[in-house]
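Using the sequences and the hints, build the whole thing.
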Amino acid sequence: MNNEVVIKCENISKTFPTADGTAFDVIADFSIEVNKNEFVVLIGPGQCGKTTLINIIAGLEEATSGIVTVGGELVTEPDPKIGVVYQETNLFPWLTVMGNVEFGPKAQGESKASRQERAQKYIDLVGLTGFENQHPNKLSGGMQQRVGIARVYTNEPLVLLLDEPFGHLDAQTRYLMEEELEKIWRQERRTVLFVTNNLEEAIFLADRIVLMTNCPSTVKQEYIIDLPRPRDITSREFLKIREEISKNLDLTS
Amino acid sequence: MKLSKMKKKNNKVKYILISIISFTVFLIIWYMVTDVFKLVKPISLPSPVKVLESFINKFTVKRPDGSTLQAHVLSSLRIVLTGYIAGSIVGVPLGIFMAWNRKADMFIRPVFDWFRSVPGMGWIPVMILIFGINIASKAAIVFAISFVAILINSYSGIKNTNPVHMWVAQTFGASNKQLLFRVAIPSALPHIFTGLRQGLNQAWASVVAAEMIGSNRGLGYMIQMNRENSRADLIIVGMLSIGLVGTILSFVLQKFEDKYVRGRH
Ligand SMILES: Nc1ncnc2c1ncn2[C@@H]1O[C@H](COP(=O)(O)OP(=O)(O)O)[C@@H](O)[C@H]1O
Ligand SMILES: [Mg+2]
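In order, the protein sequences belong to chains A and B. Numbering-wise (my numbering), the first sequence opens with residue 20 and increments by one. Numbering-wise (my numbering), the second sequence opens with residue 38 and increments by one.
Don't read these hints as lab results, they were simulated from the structure. Among the hints, erroneous ones may be present.
Simulated pairs of lysine-lysine, DSS-like, Cα-Cα distance not exceeding 30 Å [unchecked claim]:
hint: 1; chain 1: A; residue 1: Lys100; chain 2: A; residue 2: Lys259
hint: 2; chain 1: B; residue 1: Lys196; chain 2: A; residue 2: Lys125
hint: 3; chain 1: B; residue 1: Lys296; chain 2: A; residue 2: Lys157
hint: 4; chain 1: A; residue 1: Lys202; chain 2: A; residue 2: Lys27
hint: 5; chain 1: B; residue 1: Lys292; chain 2: B; residue 2: Lys51
hint: 6; chain 1: A; residue 1: Lys131; chain 2: B; residue 2: Lys296
hint: 7; chain 1: B; residue 1: Lys44; chain 2: A; residue 2: Lys157
hint: 8; chain 1: B; residue 1: Lys196; chain 2: A; residue 2: Lys100
hint: 9; chain 1: A; residue 1: Lys239; chain 2: A; residue 2: Lys27
hint: 10; chain 1: B; residue 1: Lys99; chain 2: B; residue 2: Lys87
hint: 11; chain 1: A; residue 1: Lys100; chain 2: A; residue 2: Lys125
hint: 12; chain 1: A; residue 1: Lys131; chain 2: B; residue 2: Lys51
hint: 13; chain 1: A; residue 1: Lys140; chain 2: B; residue 2: Lys214
hint: 14; chain 1: A; residue 1: Lys202; chain 2: A; residue 2: Lys131
hint: 15; chain 1: A; residue 1: Lys27; chain 2: A; residue 2: Lys55
hint: 16; chain 1: B; residue 1: Lys51; chain 2: B; residue 2: Lys296
hint: 17; chain 1: A; residue 1: Lys125; chain 2: B; residue 2: Lys296
hint: 18; chain 1: A; residue 1: Lys157; chain 2: B; residue 2: Lys78
hint: 19; chain 1: A; residue 1: Lys100; chain 2: A; residue 2: Lys27
hint: 20; chain 1: A; residue 1: Lys157; chain 2: B; residue 2: Lys46
hint: 21; chain 1: A; residue 1: Lys157; chain 2: B; residue 2: Lys75
hint: 22; chain 1: B; residue 1: Lys214; chain 2: A; residue 2: Lys125
hint: 23; chain 1: B; residue 1: Lys214; chain 2: B; residue 2: Lys292
hint: 24; chain 1: B; residue 1: Lys214; chain 2: A; residue 2: Lys100
hint: 25; chain 1: A; residue 1: Lys157; chain 2: B; residue 2: Lys45
hint: 26; chain 1: A; residue 1: Lys157; chain 2: A; residue 2: Lys202
hint: 27; chain 1: A; residue 1: Lys157; chain 2: B; residue 2: Lys196
hint: 28; chain 1: B; residue 1: Lys51; chain 2: A; residue 2: Lys157
Take a look at the structure:
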């Protein structure tokens, strides 16, 4: 495994002012490192700063204290080298599948031929060939998230941040999408930070799982998952890891 | 998917059927009250047959208000479209600009809040003073009326842009200008069209008021003249024409909306 650190969060804290004038500590002293081409899954209870953390790493929100570097550079504002996929309302409804997927390179002024060739490659890769001219509202939830993944890959970011991308899908579709994402990631390795509150999903995808505490969030424990890929969620080893982590996991909050 | 489409189509057929039945019942009652049972005097409410006859004749007869129906319609359309198009050209960009730029919002808002609080009729005297009694003053009244709804809807459309869409575009390296033109405006388009629709309805409805200022043509003028002449049949013809032209205008705008607003439910 390559040990070059690509995402580095050092002692991140985030406090929101609340309506009654008191402060709400969402994240406290959170540190994490993600290596090149490593798939790290963050798992923790809801409403406890996971999206906030993703937005801080993406340069969309400022940490109250602490620093974030991506590819060795301090993050101060959004940057195309940091790609994000959110849970919902991800796609631009007024654009077609192709329009969505080519959005990033188009915004950066890449030529049409070049950006559409790459967009097509990723549309094909996520299995949406033939849907290029459809609008997102004609697609199922699973297909919409495939578009989101193709879109972020087409922008060729250095790192991918995925914030509960499958959280809204039914169990069956969710499982299919996990398999699909894992397959794409094996074909096109990237440095990934993936947020979820589903332990099975975490173990299926992760090289390493980072368990978060309740608010204010910080790192509770880390687990290296070295099962061979693709993983069998019914195998004994898988179930053993699952049981071990779930003892330590409190997702009800 | 297919099932819901079929259901939608069924609903549309149902809607058209109900509309036809509703109009037929209305016409029958009207006919009964006038021609059959003669419950009202023809001079106050003429029968539908008489109205239809007057409607057809009005295309060729200029009496008693001086113009044919199509001349009245064209005159009103000219005023309304001039005022409405000007209202759109100013209202849409200004609404977008105010929503996008805090300072512009703070600066323009007090004036706008005063402007919107003046009811449509309130504009008549000042517009006459500024423009005189001509098409410009009438179009200016239509402008003042339609502009408010158009601006407010464009403004709230931009303000309602989903922050996740902005985040996504920012992480894709979109510049400020691209955020406005490729995210905020396309996302606000349905709202903008709502404003354009409201503005058009109000503009067209204001035609009667606008034509109270010394006119010699137009549907509003026609209705007033025929009230003085006690020609109830032509008043109703004028009212029906206002409804008909209004429906056609809405329909045309709807076609534009269908063309430019894609991918929404
Ligand atoms: N801009 C903000 N101002 C105040 N509170 C916020 C803001 N953004 C998020 N929060 C609060 O921070 C908490 C964590 O939110 P979030 O990061 O979305 O959690 P998660 O993604 O883990 O569900 C929530 O309780 C939310 O209400
Ligand atoms: Mg979240």
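These are the hints, each one checked on the structure:
1. Lys100(A) - Lys259(A): violated (37 Å)
2. Lys196(B) - Lys125(A): With Cα atoms ~25 Å apart, lysine 196(B) and lysine 125(A) stay inside 30 Å; holds.
3. Lys296(B) - Lys157(A): holds (17 Å)
4. Lys202(A) - Lys27(A): Answer holds: lysine 202(A) to lysine 27(A) is near 26 Å, not above 30 Å.
5. Lys292(B) - Lys51(B): With Cα atoms ~22 Å apart, lysine 292(B) and lysine 51(B) stay inside 30 Å; holds.
6. Lys131(A) - Lys296(B): holds (24 Å)
7. Lys44(B) - Lys157(A): Roughly 16 Å between the alpha carbons, so the hint for lysine 44(B) and lysine 157(A) holds.
8. Lys196(B) - Lys100(A): Roughly 28 Å between the alpha carbons, so the hint for lysine 196(B) and lysine 100(A) holds.
9. Lys239(A) - Lys27(A): holds (17 Å)
10. Lys99(B) - Lys87(B): Given that 30 Å is the threshold and the Cα spacing comes to 17 Å, the pair holds.
11. Lys100(A) - Lys125(A): holds (15 Å)
12. Lys131(A) - Lys51(B): Roughly 46 Å between the alpha carbons, so the hint for lysine 131(A) and lysine 51(B) is violated.
13. Lys140(A) - Lys214(B): holds (29 Å)
14. Lys202(A) - Lys131(A): holds (28 Å)
15. Lys27(A) - Lys55(A): Holds, at roughly 11 Å.
16. Lys51(B) - Lys296(B): Holds, at about 25 Å.
17. Lys125(A) - Lys296(B): holds (23 Å)
18. Lys157(A) - Lys78(B): Violated: lysine 157(A) and lysine 78(B) sit about 58 Å apart, past 30 Å.
19. Lys100(A) - Lys27(A): Judged against 30 Å, a Cα distance of about 14 Å means the pair holds.
20. Lys157(A) - Lys46(B): Between lysine 157(A) and lysine 46(B) the Cα gap is close to 17 Å, so the pair holds against 30 Å.
21. Lys157(A) - Lys75(B): violated (57 Å)
22. Lys214(B) - Lys125(A): The given pair, whose Cα atoms are some 14 Å apart, holds under the 30 Å limit.
23. Lys214(B) - Lys292(B): holds (29 Å)
24. Lys214(B) - Lys100(A): holds (20 Å)
25. Lys157(A) - Lys45(B): Holds, because 15 Å separates the two Cα atoms, which is no more than 30 Å.
26. Lys157(A) - Lys202(A): Holds, at about 25 Å.
27. Lys157(A) - Lys196(B): holds (26 Å)
28. Lys51(B) - Lys157(A): holds (25 Å)
Going through the hint list in order, the structure does not satisfy hints 1, 12, 18 and 21.
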